[in-house]
Amino acid sequence: MRRFRPTLLLPVAMISAALGLAPVAPASAAELVTPYPSVRVEPGQDATFDLQIFSDEREPVELRVTDAPDGWETLFRGDGREIDAVYANPGEAAEAQLDVRLPADAEPGRYDVTVVADAPSGDSRLELGLRVVEQASGAFEFGTDFDTLRGSGTDTYRFDLTVANNTAQEATFSLAASGPEGWNVTASPSTEQQAATVTVDAGSQSTVTVEADPPDDVAAGSYEIGVEAQGEGTTLQSTLTAEVTGAGSMTLSTAGERLNASGSAGDSSSLSLVVTNDGNAPLQGVTLSSTPPTDWEVTFEPETVEVIPPGQSAQVTANITPDGDAIAGDYVVTFDASSQGESSGNDSVEVRYTVETSAWWGLLGVLVIVAALAALFWVYRRFGRR
Amino acid sequence: MTTPNGPETGPETGPETAPEAGTDPAGTDPARQDLVRRYGARLLTPARRIPDPLRSHVLSRRVAEHPGRGWRAVAGKEFADHVTSVRFLVLFFLLGLACIAAVMSAAGFLRDVASEATDTPSPFLLLYTQSPERIPSFAEFVGFLGPLLGIAFGFDAINQERADRTLPRLVSQPIHRDDIVNGKFVAGLGAIGLTLVLLVTVMAGVGIVRLGITPSPDDVARLFAYLVVTLLYIGLWLAFALLCSVLLRRPATAALVAMAAWLVFTLFGTFLAGLAAGALTDNQTDEVRMEHTVSQVSPSTLYDASTATLLNPQVRSVGLLTAEQLDRAVPGTLSLDQSLLVAWTHITALGAACVVIFALAYVAFLRQEVRA
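Those sequence lines, one after another, are chains Y and P.
With the first sequence counted from 1, adding 1431 to any position gets you the numbering used here.
With the second sequence counted from 1, adding 73 to any position gets you the numbering used here.
Isolated chain Y (complex conformation):
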């Protein structure tokens, strides 16, 4: 058997060699071939076929599409130009391209496009198969992982958007963003903050950063930010949401901003404190407390402010009674304000409290001195007379 195998395989090898040589020396005149005769394509997209034309003769070969579904556009290209024919040379493949542009509303299914190469030496037909599938996504799209951001009124909201180019061509879009009144909204490519347009390579995506800076006095709530990318005959739109949470922020100060007060030891004196809501949410149940020196008494009128709307302020009177035994001089009294609820805030202020000698003690001191001097005078009267 071993002896006969080469003889058995010989005709096969000869057939193979004859087949391999077939394009070089075709039986018929002109022949049209393409490496990938059947492709998958989405509606609205172009399908491009690379065509090779072989011929034994030196002759022009006319190209045309004889059979294509309605509404489909076909176009032959050669070296970037629209062509209707190529010139074939023996032993050398002439190249051309066929673009098939599908309408956007093409139904999914199998479609055939027949290309005919019409040469003087003879015709050649090529059946091209297109499998139209459901469009997975648009040609260009906006995408984002996070379209809603939450933050406080002082934050800057930064959204990251992607512009996807699902086409085979590079695409350029000009960017525009708009927000509510008072908001400062910008959109730019992530790689270049100053750029107003973004260029996306074919089949890839590019990142766009949208920054939204709310005004200082923004109220709590949801704000919509619109982003537009115009280009390639289309307008992409996306709506982003910035949720501004109510941040309670308060400032505690004294009326007139004076951070000193004075009073006599043991006597009550009042100090007006002002609680200002400079946040964007109402402050609920604002209470004041104090850290006075030992044995001092501090009360507040009112003890609790029920609510302070944003931007408003409330006045609280602190009645400070220094310890009766306090030495005259300067003391530090710390006042704290805090609110309850979700949007709480707190602030504190230090007030320098000067304890003065009360008039009665001053009088007593003077009386003691006067009494001592009177005693001296009495001693003089008693013993000094001669």
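Treat the hints as calculated values from the structure; they're not laboratory data.
Using N, Cα and C, we set each Cβ at its ideal position, and we do this for glycine too.
Take the hints with a grain of salt, since some may be wrong.
Here are some, though not all, of the chain P residues that point toward chain Y, as calculated from beta-carbon distances under 7 Å [stated by the list, open to error]:
(1) 152
(2) 153
(3) 156
(4) 187
(5) 188
(6) 191
(7) 196
(8) 271
(9) 274
(10) 277
(11) 278
(12) 284
(13) 285
(14) 286
Cβ pair distances, simulated, as ranges [said to hold, decoys possible]:
(15) 1699(Y) x 425(P): 53 to 63 Å
(16) 1699(Y) x 397(P): 48 to 58 Å
(17) 294(P) x 1790(Y): 23 to 33 Å
(18) 1790(Y) x 192(P): 18 to 28 Å
(19) 1798(Y) x 244(P): 45 to 55 Å
(20) 351(P) x 1798(Y): 50 to 60 Å
(21) 398(P) x 1809(Y): 47 to 57 Å
We have chain Y; now place chain P onto it with these hints.
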């Protein structure tokens, strides 16, 4: 008693008391006649100065009933001389100015650290012991200048009388001879006590005005104890000056000797104690202990330690404290009786020294010859 009494001063007393007190030795009142006969008209002088007729009468009678109290008459006259003297005024204002400076600076300092000072025990007493800004405190001023007060009222007590040749005349009065030295000592103590009480009181008034607090009863008790101890200490110097005036003929010499002693004990006491301790010991620890022991010979050391204890309730020892003794000791305050007990040895030592020195002066004076 530099102003001898004579017939020429008698009639100059107040006319309102003249009829009652009776400047005339041959008055109609039998008790008064008896008094004049026994003590001489001179002794009636203090009594005559009291405008109230009733008090004059009572005092006269008390002198009459207690013949041993001739020292009162001497002391009264001597005290009157002291308080009206330029010497008293100068010293009073010198001390007063120094103490006002001390108290004002202490009060200013306390006002600056008011919140801390309020939390300390007995904040009012800080007025007398705080010395910020290099100005000595009230207590330091009194401790330093107080002996000067004692010396000033004692250095010429006896020898000036001798120099003026009034001593024989004084001795010839119908009083005991020791009444003279007793009376002069008491008069000096009185003038010193008056000065101290006035100073402490005025400073308390200044403190009340500046600090706005009043002393607690405990503070007042401590100040009183401080006054008593200070009086003892200055009385010691008064007794020493008295001794000098008895032993030394010239007042200037007596003053010089007394002031030399004052300087030695007050300024050089610590220095000399250190020298003595260094000579007596060769060990570092022993030297410190010895220096402390030797320095207690100085009354100023005793005085400083005892007043520091009395004016600061937080001081709990007058002696040296080792780290072992302070181990796990919690800072606290002592009550007045505990403070007094802590300082008691020092106070009794001061009192004993005062008594001993006065006794020396007393004996020396009694043994001296008084020639006309």
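Right, here's what the structure says about each hint:
| no. | hint | in the structure |
| --- | --- | --- |
| 1 | 152 | holds, 6 Å |
| 2 | 153 | holds, 3 Å |
| 3 | 156 | holds, 5 Å |
| 4 | 187 | holds, 3 Å |
| 5 | 188 | holds, 5 Å |
| 6 | 191 | holds, 5 Å |
| 7 | 196 | holds, 6 Å |
| 8 | 271 | holds, 5 Å |
| 9 | 274 | holds, 4 Å |
| 10 | 277 | holds, 6 Å |
| 11 | 278 | holds, 3 Å |
| 12 | 284 | holds, 5 Å |
| 13 | 285 | holds, 3 Å |
| 14 | 286 | holds, 6 Å |
| 15 | 1699(Y) x 425(P): 53 to 63 Å | holds, 54 Å |
| 16 | 1699(Y) x 397(P): 48 to 58 Å | holds, 51 Å |
| 17 | 294(P) x 1790(Y): 23 to 33 Å | holds, 28 Å |
| 18 | 1790(Y) x 192(P): 18 to 28 Å | holds, 25 Å |
| 19 | 1798(Y) x 244(P): 45 to 55 Å | holds, 46 Å |
| 20 | 351(P) x 1798(Y): 50 to 60 Å | holds, 54 Å |
| 21 | 398(P) x 1809(Y): 47 to 57 Å | holds, 50 Å |
Comparing the model with each earlier hint shows no violations; every hint is respected.
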